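Number of protein chains: 2
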Amino acid sequence: MAKNKKMVYFFGGGKAEGNATMKELLGGKGANLAEMSSLGVPVPGGFTIATSVCDEYNKKKGKWPAGLLSQVETNVKKLEKVMGAKLGDPSNPLLVSVRSGAAVSMPGMMDTVLNLGLNDSVIEGIIAKTGNARFAYDIYRRFIDMFGDVVMGCHHEHFEKAIHAAKVKAKVEVDSDLNADQLKGVVDKYKAIYKKHVGRMFPQDGMAQLKLAVNAVFDSWNLPRAEKYRQLNNITGLLGTAVNVQAMVFGNMGNDCGTGVCFTRNPSTGKKEFYGEFLMNAQGEDVVAGIRTPLPLKKLNKVMPKAYKELTALMTRLEKHYKDMQDMEFTIQQKKLYILQTRGGKRTAAAAVKCAVDMVNEKLITRKTAITRVEPDQLDQLLHPSFDSKAKRDVMTTGLPASPGAAVGQAVFTADTAEAWKADGKTVILVRLETSPEDIGGMDAAVGILTARGGMTSHAAVVARGMGKCCVAGVSDIVINEKAKKFSVGKTVIKQGDWISLDGTAGQVIKGKVPTVEPKLSGEFGKFMAMCDKVRKLGVRTNADTPQDAKRARGFGAEGIGLCRTEHMFFEGERIWPVRSMILAAEDYTKMLQEISDASTPKEKKAIARTYAVAKKQFEGALKKLLPYQRRDFTAIFKAMAGLPVTVRLLDPPLHEFLPQEKDNQAEMARRLKVTPRRVKEEVEKLHEFNPMLGHRGCRLAVTYPAIYRMQARAIIEAAIAVKKAGKVVLPEIMIPLIGSVEELKLVKDDVIDEINQVFKEKKTKIKYMIGTMIEVPRAALTADLVAKEAEFFSFGTNDLTQMTMGFSRDDAGKFLGDYVKHGIYAVDPFQALDQTGVGKLVEMGIQLGRSVNKKLKIGICGEHGGEPASIDFCHRVGMNYVSCSPFRVPIARLAAAQAALANK
Amino acid sequence: MAKNKKMVYFFGGGKAEGNATMKELLGGKGANLAEMSSLGVPVPGGFTIATSVCDEYNKKKGKWPAGLLSQVETNVKKLEKVMGAKLGDPSNPLLVSVRSGAAVSMPGMMDTVLNLGLNDSVIEGIIAKTGNARFAYDIYRRFIDMFGDVVMGCHHEHFEKAIHAAKVKAKVEVDSDLNADQLKGVVDKYKAIYKKHVGRMFPQDGMAQLKLAVNAVFDSWNLPRAEKYRQLNNITGLLGTAVNVQAMVFGNMGNDCGTGVCFTRNPSTGKKEFYGEFLMNAQGEDVVAGIRTPLPLKKLNKVMPKAYKELTALMTRLEKHYKDMQDMEFTIQQKKLYILQTRGGKRTAAAAVKCAVDMVNEKLITRKTAITRVEPDQLDQLLHPSFDSKAKRDVMTTGLPASPGAAVGQAVFTADTAEAWKADGKTVILVRLETSPEDIGGMDAAVGILTARGGMTSHAAVVARGMGKCCVAGVSDIVINEKAKKFSVGKTVIKQGDWISLDGTAGQVIKGKVPTVEPKLSGEFGKFMAMCDKVRKLGVRTNADTPQDAKRARGFGAEGIGLCRTEHMFFEGERIWPVRSMILAAEDYTKMLQEISDASTPKEKKAIARTYAVAKKQFEGALKKLLPYQRRDFTAIFKAMAGLPVTVRLLDPPLHEFLPQEKDNQAEMARRLKVTPRRVKEEVEKLHEFNPMLGHRGCRLAVTYPAIYRMQARAIIEAAIAVKKAGKVVLPEIMIPLIGSVEELKLVKDDVIDEINQVFKEKKTKIKYMIGTMIEVPRAALTADLVAKEAEFFSFGTNDLTQMTMGFSRDDAGKFLGDYVKHGIYAVDPFQALDQTGVGKLVEMGIQLGRSVNKKLKIGICGEHGGEPASIDFCHRVGMNYVSCSPFRVPIARLAAAQAALANK
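Chains as they are written, first to last, in the working numbering: chain A, 1 to 905; chain B, 1 to 905.
Note that these hints are calculated values from the structure, not bench results. Just so you know, nobody snuck in bad clues.
Put simply, identical chains are the same to the list, so a pair is met inside one copy or across any two.
List time: in silico BS3-like cross-link candidates among lysine-lysine, alpha-carbon distance up to 27 Å:
1. Lys-681 <-> Lys-495
2. Lys-725 <-> Lys-763
3. Lys-681 <-> Lys-483
4. Lys-390 <-> Lys-426
5. Lys-746 <-> Lys-822
6. Lys-789 <-> Lys-768
7. Lys-822 <-> Lys-789
8. Lys-681 <-> Lys-815
9. Lys-746 <-> Lys-815
10. Lys-491 <-> Lys-686
11. Lys-603 <-> Lys-191
12. Lys-681 <-> Lys-663
Given the structure is predicted, the values throughout are model-derived calculations rather than measurements.
Modelling step: build the complete structure from the supplied sequences, incorporating the hints.
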């Protein structure tokens, strides 16, 4: 680097040598400070040492490049002039902060050093000037501690020991109870500690302090934690970190001082009003600490009208400049206003939506920008009840935030109890080790669900999200004793009937009742969503199994059903009995079909049918009983979704899920179906699977028992015909799950079509329908060019596809996935956000191969990822036609799809 | 087709118009008959209607092309001349057979029609000539039945009813007890039945019969079962079927007649000698039926020396011509020898090997041809004891032939009993619902294993094959009552101690003791294997977990260990106790590590270590106890494999597999480890997984508990150093299982390397080693370009890769995979032969991606497919370096690899 090359950039006094575009050279923080300064924002003056210097410094193994020292000295002089104070001058000392700041925000590097410039004589000057010796020694001992720890690597713990000893000696409990003399003693101790560990005296010269601090910032670029962070986040190609040296200002130098935080709009509601709070004669941390109660911003007008006027004018200007709601920190030092920071303000979902819509109306931003201003996931807040943010919470433990919302209810431990108590008008939370389809009734009856096992896509979590019901799952440190009807967390015991609260957004399990607030959707919400809909290319459908869910999702803007699961329908009310009766007859029934197909003469066939007459009657009779139920289900759903497509997935779970696992329930089944309990137990054992995820389920059931899908196909088409006759438009799409090969699809599909043609013949009418398949087995994606020959649509079931591609069972992975995310092996839980590198590659292959033989192939996604913004962006990029998600995520998906369309133009 | 185009091809009288190369036009059968005839083999004369005629016939919707009739008539005349007989001439009738025959052998088309040409007057002539009315009416009624059923679609059942009625009336049991008069009555009845169902009289004219039969052959080309067969087997591009019309000859026309079967070498031993048997005055079916005992071929020399001389000369000639052992059928009609068929003879493995080696020595075939002459799977016969083929078997039921061989032992129902009885000198067969790693000791003690659940790659099957032990698995119709120590199949009950026999090759479960024969490896076997080794490109390693297995495999020619599983080592003897103790401490130990890594001061860290001191001691102490055991294991294996590479897979199964599931065993564990039974039960429940296949196992264990792999890495390297010091060459390859991403591999690998470097430092020496990974999770194959950056070798674990790619659990799929193979969805069980379309695509991707970043990457396969010939061919084609399989499959793999090299030149 040439000696006369510019290495240091000044800002302050309404000017700056840098600007916002120079992030690479000045780092994010330095560029922003320069920009603000140029805009005339009264930021405390300072200078930035460029990132290129850090690179040079490292190449020179810790030596300053030639010319740097003189440039720093020149800038210190300039700063002294702008601030009207002098480094090391006891009568008017300049104090500075030193901070790191790379082009990309990057935790892991050096923390801030504040109040650099303090020394023994400056302290005396401050005491003389403020008359506050306690204040002076307090900032001095803090500075020695911070400088020692952060700059010189003398661990904070050593200083902590000394102040602890001082408190013991003074017989006080907290630091702030130490008086000036005692603190002076602490300062001496600190200096001794510093000398002992660093090996030198604490530096009294301001420039010496500054040089050491600058070196520490440079060195921190190569700290292992910083390198690790860059590696994990794929941050490459940066030169190093910049160093920001900025004058300190104090809001606590007297009653003409103060400090505060302000927002250009209300961050809670989005209303266009100045909003904020401040404290007189205080430091920034006092506002945050909450020991003194801050005053509302408006009051500043009374106390310091000039500063208030200046501040609000700045607020208006900065919002216009940055075209976004600003969150600003300010300090008034002896009546002079300084802005310490301005940035886009964090806001609630309601505020985000209102700001976005208002700013479009104000012509401050375009519609496209407005769409990018709301975080999709945030919208969830608007759709679920939430806890009163002011209420106290007695948090017992934390699990996975499986389904958002807030629930307060009495703990119960079985699905039956939940239903019974609900019938008695009680509000209950169902607490289970894990849930299974048998618990559906109880889950429906409960306001919230708590499980000890299972992950974000466990049965409990998926069903709860579908129901829009709060759920905390996989809380591994609760111990449930179902028999004794209680659970415990450490020593806290919750018995049946005790009140608990669940925060499904934070995953908290809370003792007692926490008051909740109901959601209200604003007019702006509708307007905002309409903006999104204009931009997005992806369709948004919903996963819904009931007319209620379908209606709710339609209200949220769903354009059809992308996944209507049929398994829950097999559990409802009385239906489970024919289902179980069918299962008991299934083996003999199948044997009969097999033997008949092997038999060579009509006579033999007849004899076989006679032998198995009972099983035949039982199996086919059960399906006959189920048919009208299913027809009713589909009729109601088709009506609720009239005019929109409805994708019905044929039966998916393994049959054993329909059998009772517990002894009492097995006994009940035996009584109801007039068999021995031993027979029931044998059936349960026979159907037991080691890995049910990879077992006899999905279309594999139809390969063995074609009659089940036939019944369902008949019910769907009969329902569709009925609804069409009632004058509504019906668009049924029949989806065959768990396909692994085209031959399998063809076999099952031919049966389904045959049954449908029979219905058409009987009813003497026809309707349009589609048949497609889920792509959820890796092999189906790998051979999609074959599968697509027999499918009119693909729906990627990315839950199962993720499980099989990554080899994780979603019900078991909770135990170790945390370690994976912690070690950075996977950036996020792959069940929450699609693993684009691995699973995504299969999805892309599936789409390309599928479309290569069938250009018209309609492609969607119906896994949980269909409601996750980053995954939706992926779906947009790979050219899907639609995403499908649970009703409560439909608005999120609409927004995310719009953002994806904008981001990938 | 031009009228004068040649449509019919004659053969007979030592000449032929076609030859062996004309398969496309004449079908396989027609071309062979022509070839034999040209060679001067005395086949009964006949002619073939070309396949192109079938095409023409179908295009003309069932009309004969112009000119065909006259060509057929001409050829009939020619045939009459050659055979010296005339169609329809009662005094000297020509009878013919009519058969279909396409270019590719294809079941599903028309069956044979024999004795065409019979009618009422010909019958009278035959009676007059032979004086045997019974014989005449019997062939006539058979002909009407066959012609009616096969040609005219009048079901055999109708004829069966009539003969049944005749037998009832005659009060006899079997057809052959009907006398001539009664059979004449049956003929009349048959003709009436024919008329009733066909609607016309039974045709009396020979040419009319022939035309109908030819039409039936043509029509059978388009039968659904034939189309289905072509579709399933991807047979396309064929014109149609040919029709073969051939003169009938009779071995049962008197004492100057006979019939027999002969082989040019002994098909049982391979010895070069004429071999066969014959019957005088008999039909071919009499030889097969076993009612009369045939005479050895040599006796023919005495009875009919001329025919014998002619036959043996032909045998010698045909073997030379076809350059393979021939299996021939012959008939002598009135002293004239006819050859009905000659083909490559089926032979035992021993014979196949001997023939191949002998024929090379005789310069009859090349080495390359010799290699293709032995079926790899056949070799299995040579390596396992087998049942005496003459012994009677009382087969109770059949299951999956999970591991070949023959076992005879007393049934026991627990692993402990197996071990105890073995210790008492008894021979036992272990009968289990399913096996788990807890049963290893018992499996080792037993001579055979029988399970009610699990497929070809279930725990029982894999372990048994590894041990070279006979196993029949997944016998779903046995009902095991472990408590009562018995099992039943239908009404047969086998109690503990009862003798049973297992045929692991056929999957049979047999009551009582069947005598067995031990295998002996011939000198030819070694020579044959050496030929294979010269040709093959693929290395062949073995999967072996013990020095015994390693030595055995080395004896079979293994070039290293491709998979040494370490989990079984954790069960042996006393070792299970430290393992279990470690598991009990694991959770607290992990918490400790976590909290220490989160702690910020050394003091905090110390305090945390104090809190968890007991867990730390217990966990680390257990590993310390395991280390010497593991070191000893590896030392013994390295010694057994000195000079060859040994791939050790680090611990793979989920930890719960090491805990006892049964109450008694849990109580024992509680006593041994001085905890409450409740604590044990809780641990078992805590570690329970819904889908253990996709659970906390493989390298995932190392992410959570790095100390386990560190202990194993240390044991491997310490053992290797010790063996090297003893003067042996050691080539350890450390394999990390279940990798899903490169970050995961890097994390685990870095730990392993760190530990190895510590060992090097302590021992002040270094050795060469490799670190690689299994590719068994689809994601690893999909991202192999990333994974290969951190791996020195890939070993495809195609068992798990198949499970995850196809979504089948190998333990559960047995229940429905049968349906899949039956419906032709998968041609074979994908756990037996690699699914090349789906799973194979991933394997290919993995290899290409892996080599794209790491050209030196060594690639092998260690799934069960590594020993399956078609899969080995695939491995050769995709460019793997080696296959690894169980010891007993090593010779099979060597042969299959050689065949693959020859087939893919």
